[in-house]
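Number of protein chains: 2
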Amino acid sequence: MSDERVRIVEVGPRDGLQNEPGRVPATIKIELIERLADCGLPCVEATSFVSPKWVPQLADAEEVFRGIRQREGVRYPVLVPNEAGYRRARECGAEEIAIFAAASEAFSRKNINAGIAESLERFRPVMEQARADGVAVRGYVSTVLGCPYQGEVPVAEVVRVAAALHAMGCYEISLGDTIGAGTPRQARQMLEAVAAEVPMQALAAHFHDTRGQALANLYACLEAGVRVVDASVGGLGGCPYAPGASGNVATEDVVYMLEGCGLDSGVDLSALIETARWISGRLDREVGSRVGRAGSFDASPRAC
Amino acid sequence: MSDERVRIVEVGPRDGLQNEPGRVPATIKIELIERLADCGLPCVEATSFVSPKWVPQLADAEEVFRGIRQREGVRYPVLVPNEAGYRRARECGAEEIAIFAAASEAFSRKNINAGIAESLERFRPVMEQARADGVAVRGYVSTVLGCPYQGEVPVAEVVRVAAALHAMGCYEISLGDTIGAGTPRQARQMLEAVAAEVPMQALAAHFHDTRGQALANLYACLEAGVRVVDASVGGLGGCPYAPGASGNVATEDVVYMLEGCGLDSGVDLSALIETARWISGRLDREVGSRVGRAGSFDASPRAC
Chain A
1 MSDERVRIVE VGPRDGLQNE PGRVPATIKI ELIERLADCG LPCVEATSFV
51 SPKWVPQLAD AEEVFRGIRQ REGVRYPVLV PNEAGYRRAR ECGAEEIAIF
101 AAASEAFSRK NINAGIAESL ERFRPVMEQA RADGVAVRGY VSTVLGCPYQ
151 GEVPVAEVVR VAAALHAMGC YEISLGDTIG AGTPRQARQM LEAVAAEVPM
201 QALAAHFHDT RGQALANLYA CLEAGVRVVD ASVGGLGGCP YAPGASGNVA
251 TEDVVYMLEG CGLDSGVDLS ALIETARWIS GRLDREVGSR VGRAGSFDAS
301 PRAC
Chain B
1 MSDERVRIVE VGPRDGLQNE PGRVPATIKI ELIERLADCG LPCVEATSFV
51 SPKWVPQLAD AEEVFRGIRQ REGVRYPVLV PNEAGYRRAR ECGAEEIAIF
101 AAASEAFSRK NINAGIAESL ERFRPVMEQA RADGVAVRGY VSTVLGCPYQ
151 GEVPVAEVVR VAAALHAMGC YEISLGDTIG AGTPRQARQM LEAVAAEVPM
201 QALAAHFHDT RGQALANLYA CLEAGVRVVD ASVGGLGGCP YAPGASGNVA
251 TEDVVYMLEG CGLDSGVDLS ALIETARWIS GRLDREVGSR VGRAGSFDAS
301 PRAC
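So the protein lines, in turn, are chains A and B. According to the UniProt record's numbering, the first sequence holds residues 1 to 304 in order. According to the UniProt record's numbering, the second sequence holds residues 1 to 304 in order.
Hints in this document: simulated from the structure, not taken from any laboratory. There may be inaccurate statements among the hints.
The calculated label-pair distances, taken between Cβ atoms and stated as ranges, are [what the hints assert, rightly or not]:
#	chain 1	residue 1	chain 2	residue 2	range
1	A	S296	B	A114	38 to 44 Å
2	A	A163	B	E274	37 to 43 Å
3	B	E197	A	S270	52 to 58 Å
4	A	D268	B	A163	37 to 43 Å
5	A	E4	B	A156	48 to 54 Å
6	B	E91	A	A299	24 to 30 Å
7	B	S300	A	Q201	44 to 50 Å
8	B	I28	A	R66	55 to 61 Å
Where chain B lies over chain A, by a calculated footprint (3+ residues, C-beta under 8 Å) [unchecked claim]:
#	region
9	126-139
10	148-154
11	208-222
12	248-261
Everything numeric in this text was worked out from a predicted model, so none of it was measured. Even for Gly, the Cβ is constructed at its ideal location relative to N, Cα and C.
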């Protein structure tokens, strides 16, 4: 596990900001997305075309997506919940989308008022249209290591949903521990079970740090061979002071770990730390990451 | 790596509180130590007999140590810096002590105004007296993955100092990433290099979470075979909001990870979380751990 490339999918502007309390101006979101791309991140999930009724924080999806000065070679997927969302995304010029399903039947019903099978069916016309349009589709599986409603989630269910999304045409499946319940051994076993059905190269690891396990889980998954990691600048997505807070793992903590493990993400860590501090300041909160607060470590010899 | 026992050495009352700003009453320290032992922790480092001039936070070492209602089967080591400290510790009835040395020459000079070799020499009479008294001695090596003054610390130096402490009679050597600079691959490589000279059973992993890497580093070290882990309830030892904050890895985050990995620490996680919340309240600060804030995860089936 070294001298290899890891691709980070930056989800802060979407998965992060959709959970931030308070409205963030579109201009700040646009600047955030542009700064992240400038840091060397190859893929920045820009926003979500869900109904503003569900997620008012991202009601400005059109304005944000149209406002981005897109950087050559960087991808800007957007989340879509259905055909209406797909059309809105395409009208803004989105060339890549993400769809989602839960591994927990109870979570699926609570979250989108439909069971897993029905939720997958709903995405079929979106997938057909995307194929016809040449639009790449990423798939998310949520609650892969635990559900706030049903408790344990059988690994077989995770495998089934991931394989279904892959079979439907998703080029990559992101396995999400939505509530940060998992630990490294569970994460690795879950990943390996999925990788028996879906090629490891088509899998991504997506951890929330609710119980502090995210980096350890990621490390276990990197050891098992995953090379795509979702992360959120500044750990956006959950207030670090609220009980049960569940921000995504912070991109700068991930990049720091990858660098130390000899894995190359192509991301400029200094620029990323600066971006984490900038967005945290704009949101009027402490930086939600350790590396963002402490800074990197300079291992070079110095005068004493 | 499962169905095995991991021994946690709780260092909160010493390594944690010695870095807390503000004076903590001895009665609170005593209650903390007693509560930790009641949680099932087999070893609680109680205090430090360094000069109050150096560490005013622990100037009440005598009062604290004498005040503890010791629990049968639990060990209460205390840190001692020299023969004077040893005598003070013994006068209070301490039956186990800990000594320390740095792996970084620059850190050793800045911290105790003596080079590594000289610092080891200073402990020889303490070790001789301890042997004569039948007092067990634990050894700490600090700055094993980086130094704030000299930057990189060669692994060979860590091996040399750890082996020296072991040869002097320390039954266990705790390898400390004092400034939280390391990442999992480095941690594992360092541990394995030391384990080539000192038996793995005589080694402990001691991480600070300055850059969020502590649990990932611990996991990597557990994979490499270490079965003793130092941790601090509530992540005591560094203000989580200050830049460069460097609390110890939180005991409850560690226990949560161990349980999920099928490793038994004998610690009651619920009682530990309660203790973390209690001491954080007494120190008038947020709980410095994720599990302390979010609580554990209940994987049992529930009605939906």
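Hints, one by one, checked against the model:
no. : hint                        : in the structure
1   : A:S296 / B:A114: 38 to 44 Å : 30 Å, violated
2   : A:A163 / B:E274: 37 to 43 Å : 42 Å, holds
3   : B:E197 / A:S270: 52 to 58 Å : 37 Å, violated
4   : A:D268 / B:A163: 37 to 43 Å : 40 Å, holds
5   : A:E4 / B:A156: 48 to 54 Å   : 27 Å, violated
6   : B:E91 / A:A299: 24 to 30 Å  : 43 Å, violated
7   : B:S300 / A:Q201: 44 to 50 Å : 36 Å, violated
8   : B:I28 / A:R66: 55 to 61 Å   : 57 Å, holds
9   : 126-139                     : violated (count 0)
10  : 148-154                     : holds (count 4)
11  : 208-222                     : holds (count 10)
12  : 248-261                     : holds (count 7)
The structure fails hints 1, 3, 5, 6, 7 and 9 (numbered hints given earlier, in ascending order).
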